[in-house]
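So the sequence lines, in the order shown, correspond to chains D and B.
Heads up: the first sequence at position 93 corresponds to 93 in our numbering, and the numbers run straight through without jumps.
Heads up: the second sequence at position 270 corresponds to 270 in our numbering, and the numbers run straight through without jumps.
Source of the hints: derived by calculation from the structure; they are not laboratory data.
Heads up, some of the hints might be wrong.
Beta-carbon label-pair distances, calculated as ranges [stated by the list, open to error]:
(1) D:D115 x B:R35: 58 to 66 Å
(2) D:N202 x B:V153: 51 to 59 Å
(3) D:T135 x B:I216: 40 to 48 Å
(4) D:D165 x B:R192: 21 to 29 Å
(5) B:V110 x D:N202: 56 to 64 Å
(6) D:E327 x B:R35: 39 to 47 Å
(7) B:R119 x D:P9: 39 to 47 Å
(8) B:D227 x D:A129: 34 to 42 Å
(9) D:L28 x B:V153: 51 to 59 Å
(10) B:T148 x D:D349: 29 to 37 Å
(11) B:R192 x D:D125: 20 to 28 Å
(12) D:L28 x B:D195: 28 to 36 Å
(13) B:R218 x D:N202: 51 to 59 Å
(14) D:A364 x B:R142: 37 to 45 Å
Heads up, the beta-carbon is just placed ideally off N, CA and C, and yes, glycines get one too.
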Amino acid sequence: MDSPWRLLPVAEIEPVQPAAEARARSWLRELAARLRGEPRSPVDPTPSRDRLGPLDEARLARLVPDPPLAPQRAAFDALRGRTRRAIVLRPDDGGWDAVLDGASEVAAERLKPPDALPPGSGLPDAVRARLADPTPLHALRLERWGVRHHDGLAALRELLALLADRDGPWTADAGPWAWAWMRHVLPEARGLPSPVAPAPLNGEALQAWLGDRDTLRLRGRGGAPDEATFRALAERARGEAGVAAAIWRACLRDGAERPSPDEAEASGEEEDADEPREPGTVWVRHPNELVLPVPRTVTRRELLLLHAVLLHGRPAVPALARALDREIHETEVEVSTLIDQRLLAWDDDRRVRPAPLALPAIRARLESEAFAGEAA
Amino acid sequence: MNETSQALVDILRDASQIPWLRIAAILVGAWLLVRALAWALPRAAEALPAGVRVRLLPLVPALRLAITLVAVLWIVPLVISPTPQNLVAVLGALGIALGFAFKDYAASLVAGVVAVSERPYRQGDWIQIQGWYGEVRTVGLRAVQLVTPEDDVVTFPHAVLWTDGVANANDGERTLQVVARLWLEADHDGARMRDRLREVAWTSPWLDVTRPVEVIVREEPWGTRYDVKAYPLEARDQFQFLSDLTVRSKEVVAMEGARYAIAPPAPTGRGERPPR
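The following block holds chain D by itself, in its conformation from the complex (with noise of 0.2 Å):
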C-alpha cells in the first residue's frame, strides 16, 4: 500500500471536500451571518460548555506530533531518484517545510534565496555559479527570490531561465500561491515542468498519525473516536497535515474533569458514578463542532494583505509592505488587525503566516473574489 506522505502530481490530486450536504449547510449558515449583520467571526474557537481547560503544551506536543520526517523524506528522496527536474508545491500550512528546508543530506545542495537584492539586480554572482554546476540542487522557496514588485523580479526571472536551461539534477520549491501567479505571469515560468504535491491525508492517515495512542485514553461523545472522526478532521482541514494538527489540537480538552450533565445527557451516556476516573483521561470535541475562523468581514485591502501573505510565503512585514506598496506602519497596523481575527499569526522570527485553523477559509474566500490560486 502507497505511503500517505507522498509527492503526486498536481494533475492527479483528488482534494478532500466535505459532503455537499455540509458545504450547503456552511454556506447557509454564511449567509444567515451575513444577512444578519453579524461583524465578526467568533472571537473564542471553541466555545465550551463542557467545563474542559485546554490541554497544556507538553500534553499536546506528546499527542499531536509533527508530521513524521521520515515517510516525508522518503516520499521527496524518491521524487528526486526518479526525475531530473521537479518543483515541490509546499503547502501553507507549513506541514512539509521540515523536510524541505533542511532534510537533505547534503547541506550544500540546497540554494537559499538571499537575505536582501539590491532592487532591479539580477542574480549574485555565486548563485550564478552554482547554477552552472551540474551537481544536485534544490533551490528553496522560489517566492523569495523576488518579491511582487517591479524591482525584484530581475532575479526571480533569471533564476527561472537559468533553472530551465541548467544540465544538472534540480529541484525547487514554491507556495501554491507563488506558483499559480509564476505560471500565468512570467514567460520563464511556463518553460518548467508541472509541479507535484503532498497528496491530501484522507481519515485512515490522519488516524494513524494522530488518533492512535496507547498510553492516552481518547474519548468523544458516545466513545472513543472512530474513522468518521478522522474522515471528519479531514474534510475541515482539506487533507493538508498542518491544518489537521491545528483543528486536532483545538479538538483536544483536558479531561480533569467530566463532562458538564447537559452534554451527558445529550451523547445519552451513562456515567458511573464509581467509575475511577483516569487523571490523564483527554477528551475529544468532534471537529464539526469546531467554529473556525472566518475572513467574513475583511476589506478589500485585507484581502489584498492576505493574498500577499500566501503569495509570499511568510513574508516579514517590510517585505509585505514592499508588496502592496505600502507603508510599513499602515501594514502593520493591518496585520495586527488580521491577527486580532486569528486569520493571521507571528512566527518566532516575526514573520506572518496565516493561522492554520483559518487555512481553508481563507483560501477559499480568496478564490471566490477571484484571486488565482492552486487551481487557477
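With chain D fixed as given, assemble chain B onto it according to the hints.
Just chain B, lined up with the frame of chain D:
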C-alpha cells in the same frame, strides 16, 4: 354621451362588487415582494463567488417586472368585467391614453422591457451614456441609475436606448480592461521600457493574473505613447488599479531616466471612464 357612460359602466364592475381589500393586499404584497427581492438578492449575491454574483444581480429588474405584470394581470379582472370586448376596449383606451399623455414615459417603459430582454446593461455593469460613466446601481421599469466615480447618482430613462449608444465596459463580466497611458519623449530604449512597464502590471496586487497584460507602443508627433492594458480582479477595483499602475509606472520612468512628453489630450471631468 349616455351610451358612452353606459359602456363604461358595463366595462367596470359595480363598485360594491370590486374587492378593494384584495386589490390593496395584492398591491402591498407585490410592493413588499419587490422590496424584499431588491434587498435580499444583492446581499445573497455578496456571499457567493464573484462569477455567480454577476449573474444573480441582473435578475432583480427582471423579477421586478415579472412581479409587477403578475400583479396588474391579477387586478385587472377584479376591476373590469373580463369579457373579450371589455378587455379590448380597456387596452385600447389605455394605449391611447399612454400614447398621448405619457408618450415619453411609455417609451421608457417599453425600452425598459427591451433593456431587460436585450441586456445592454445590467446591475453591476460599468457603462457610459451621454458622457457619463459609472456603475449601474439599479435597472428600474422606467430608468437606469448610475453611480459615478465621484459618487453622484445619475438617472437615465431607458428611452435613451432609442437615440444614444451605450458603452458597456464589462458586459456582465466580473472584470474590465483598464489602460494606463503614458507619453514619453522619444529618445529612450523602447523595448526595455515596454518590458519594465509590463512588469509594473504583472506586479500589481490588483491584477487579475488569468487575463493578458499588453503594452502597446506607438509613436506620436509629440513623443512615444505607451498603453499598459490589463484587467483588475474586479471591475470595482479599476480606479485603485489604474492609480497603482500609474504611480509605479512613474517610478519606472524615473528609474530608467526617461522624460515625459507634454501630452495634448485633456480630461473632460464629470464621471469620465478611464482611458481605453
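For each hint, the structure was consulted:
1. D:D115 x B:R35: 58 to 66 Å: holds, 59 Å
2. D:N202 x B:V153: 51 to 59 Å: holds, 54 Å
3. D:T135 x B:I216: 40 to 48 Å: Check passed, 45 Å falls within 40 to 48 Å.
4. D:D165 x B:R192: 21 to 29 Å: Roughly 22 Å apart at Cβ, these two residues keep to the hinted range, so it holds.
5. B:V110 x D:N202: 56 to 64 Å: holds, 60 Å
6. D:E327 x B:R35: 39 to 47 Å: Given range 39 to 47 Å: holds, Cβ gap about 44 Å.
7. B:R119 x D:P9: 39 to 47 Å: holds, 42 Å
8. B:D227 x D:A129: 34 to 42 Å: The hinted range 34 to 42 Å holds for B:D227 and D:A129, with Cβ atoms some 41 Å apart.
9. D:L28 x B:V153: 51 to 59 Å: 33 Å Cβ-Cβ, so the 51 to 59 Å window is violated.
10. B:T148 x D:D349: 29 to 37 Å: violated, 47 Å
11. B:R192 x D:D125: 20 to 28 Å: holds, 23 Å
12. D:L28 x B:D195: 28 to 36 Å: violated, 49 Å
13. B:R218 x D:N202: 51 to 59 Å: holds, 57 Å
14. D:A364 x B:R142: 37 to 45 Å: With Cβ atoms ~40 Å apart, the hint holds.
Hints 9, 10 and 12 from the list above are not met by this structure, while the remaining hints are.
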